[in-house]
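Number of protein chains: 2
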Amino acid sequence: MTMPPVNDLSTARLPTDVVGLLEGLCTTRAIRRYSDEPVPPAILRAIVFAATRAPSGSNRQPFRFLVLTDGPKAAEAKALIGRAARGIWSTKAQRDGYARGSGAVADSPKARMARSMQRYVDEFERVPVVVLPCLVRYREPHVTEGASIYPACQNLLLAARALGFGGAITGFQTLVETELRQLLDIPEAVALAATITLGRPEGSHGQVRRRPLNELVYEESWGQPASFAVDPPGTRHTAAGPPTAS
Amino acid sequence: MTMPPVNDLSTARLPTDVVGLLEGLCTTRAIRRYSDEPVPPAILRAIVFAATRAPSGSNRQPFRFLVLTDGPKAAEAKALIGRAARGIWSTKAQRDGYARGSGAVADSPKARMARSMQRYVDEFERVPVVVLPCLVRYREPHVTEGASIYPACQNLLLAARALGFGGAITGFQTLVETELRQLLDIPEAVALAATITLGRPEGSHGQVRRRPLNELVYEESWGQPASFAVDPPGTRHTAAGPPTAS
Chain A
1 MTMPPVNDLS TARLPTDVVG LLEGLCTTRA IRRYSDEPVP PAILRAIVFA ATRAPSGSNR
61 QPFRFLVLTD GPKAAEAKAL IGRAARGIWS TKAQRDGYAR GSGAVADSPK ARMARSMQRY
121 VDEFERVPVV VLPCLVRYRE PHVTEGASIY PACQNLLLAA RALGFGGAIT GFQTLVETEL
181 RQLLDIPEAV ALAATITLGR PEGSHGQVRR RPLNELVYEE SWGQPASFAV DPPGTRHTAA
241 GPPTAS
Chain B
1 MTMPPVNDLS TARLPTDVVG LLEGLCTTRA IRRYSDEPVP PAILRAIVFA ATRAPSGSNR
61 QPFRFLVLTD GPKAAEAKAL IGRAARGIWS TKAQRDGYAR GSGAVADSPK ARMARSMQRY
121 VDEFERVPVV VLPCLVRYRE PHVTEGASIY PACQNLLLAA RALGFGGAIT GFQTLVETEL
181 RQLLDIPEAV ALAATITLGR PEGSHGQVRR RPLNELVYEE SWGQPASFAV DPPGTRHTAA
241 GPPTAS
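Top to bottom, those sequences are chains A and B. Read in order, the letters of the first sequence correspond to residues 1 to 246 in my numbering. Read in order, the letters of the second sequence correspond to residues 1 to 246 in my numbering.
Just so you know, the hints here were simulated from the structure itself, not pulled from any lab data. Take the hints with a grain of salt, since some may be wrong.
The list makes no distinction among identical chains, and a pair is therefore deemed to hold if it is satisfied within one copy or across any two copies.
[As the list claims (entries may be wrong)] With a straight-line Cα cutoff of 25 Å, these simulated DMTMM-like cross-link-like pairs (lysine to aspartate or glutamate) come out:
1) K92 to E123
2) K73 to E215
3) K92 to D122
4) K92 to D107
5) K92 to E140
6) K73 to E220
7) K73 to D36
8) K73 to E219
9) K73 to D185
10) K73 to E179
11) K73 to D122
12) K73 to E177
Can you build the whole structure from these sequences, using the hints too?
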């Protein structure tokens with residue numbers, strides 16, 4: 001993988017692939033633990049280039065990516081979002097009973113998830129890169145407007161995975177939107193769509209777990225499981241959503 | 001690429017990749033012309049499996065994919081959406097002046113886009129597969145709810161590309177939502193997020209065109225072009241959105 005200095009990017013091609021497309025789609029999961037290594041400019045370039053190749057309504061390209069790395073405003077924004085993240089997680093852990101039931105058993109999936117989230121929010125200020133994906137609105141808010149920003153967010157996360165990095169998409173910005181707009185000069189007509197964190201994974205990608213495929217895919221009519229909705233051999237399942245109290 | 005009969009899918013692995021992850025992200029564009037070839041069950045399985053590996057808030061997995069192929073309700077739904085598509089395109093072509101200016105020149109990008117859209121809507125009923133991605137709501141509508149359905153839509157389109165198929169995401173369903181709910185028994189609490197068409201491409205994938213990268217990616221503050229936002233050599237640009245009258 002070539003790593004040209006930033007002033008040479010205009011002549012540098014994108015890195016060569018080592019992960020396949022379908023494999024990448026099926027194995028990219030949220031990465032919330034990062035080493036302190038910065039993300040090099042050539043990697044950031046490839047990530048945002050891939051993100052902006054995503055579709056949008058009438059190819060209007062209303063997506064903008066505000067990238068926060070190591071500047072003074074980046075530090076302030078990370079501190080703001082970090083405080084929000086700790087508040088959101090604390091409320092959620094309490095409400096969803098992460099410490100109860102199997103959450104009290106140290107190596108249960110529930111307890112591991114809780115530890116991972118706690119560390120993620122506690123160390124938020126150290127995340128190498130925070131990206132704020134924004135949507136420049138040209139009409140009234142509508143349920144389908146996300147179709148012009150979240151495909152690009154998914155491309156961004158997948159591109160990070162393609163390049164040996166990883167990330168997670170969160171809604172932490174919702175609690176501090178006013179402060180972020182002021183700090184970063186984001187206009188009122190622009191919607192903040194998410195907070196994405198990126199970095200070099202500490203630890204490895206694991207298998208993605210979902211509900212059985214035939215609960216998620218229907219054919220001909222709502223609720224009718226599709227004949228072809230058959231999980232490949234070795235697929236691991238999980239219940240949807242936050243854990244129950246058990 | 002193995003194509004087991006549908007009853008063997010439980011022992012069949014997913015197809016092997018021939019396209020790289022980053023390459024696939026950067027070269028997947030809307031495909032609107034399909035051969036009449038049906039999409040085999042093993043391909044549909046891989047596509048919906050990849051789609052449902054996408055992230056969603058708290059891994060709630062509120063995404064559902066209603067797949068319409070060749071059944072009687074599928075035919076009715078395609079006819080309904082086809083009528084809506086023709087109405088939407090006719091209005092848009094008129095309003096955005098697709099026949100004016102360079103649109104009057106047969107081989108201009110604008111005229112080619114208009115012909116491609118006209119054929120797409122005219123032949124909508126022949127589209128091999130229509131997928132209605134749906135979002136099972138668990139709270140009041142919010143700008144960020146799309147984060148739990150559109151990443152999965154993007155995975156679906158990318159998976160089609162990985163397997164030699166292609167697709168396009170549209171909002172055609174918005175005009176006939178009431179009729180579709182009735183026909184397909186879709187509950188009121190479920191939002192219809194898009195209409196995705198899939199099939200074997202007639203013609204080939206071409207380069208994706210976007211605005212220059214430094215107009216879409218900022219650093220440290222809104223509007224400040226990112227130092228690393230440099231298009232790779234050979235990138236082709238386009239203005240955003242529908243054509244102007246010129």
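So which of those numbered hints doesn't the model satisfy? No numbers; nothing is violated.
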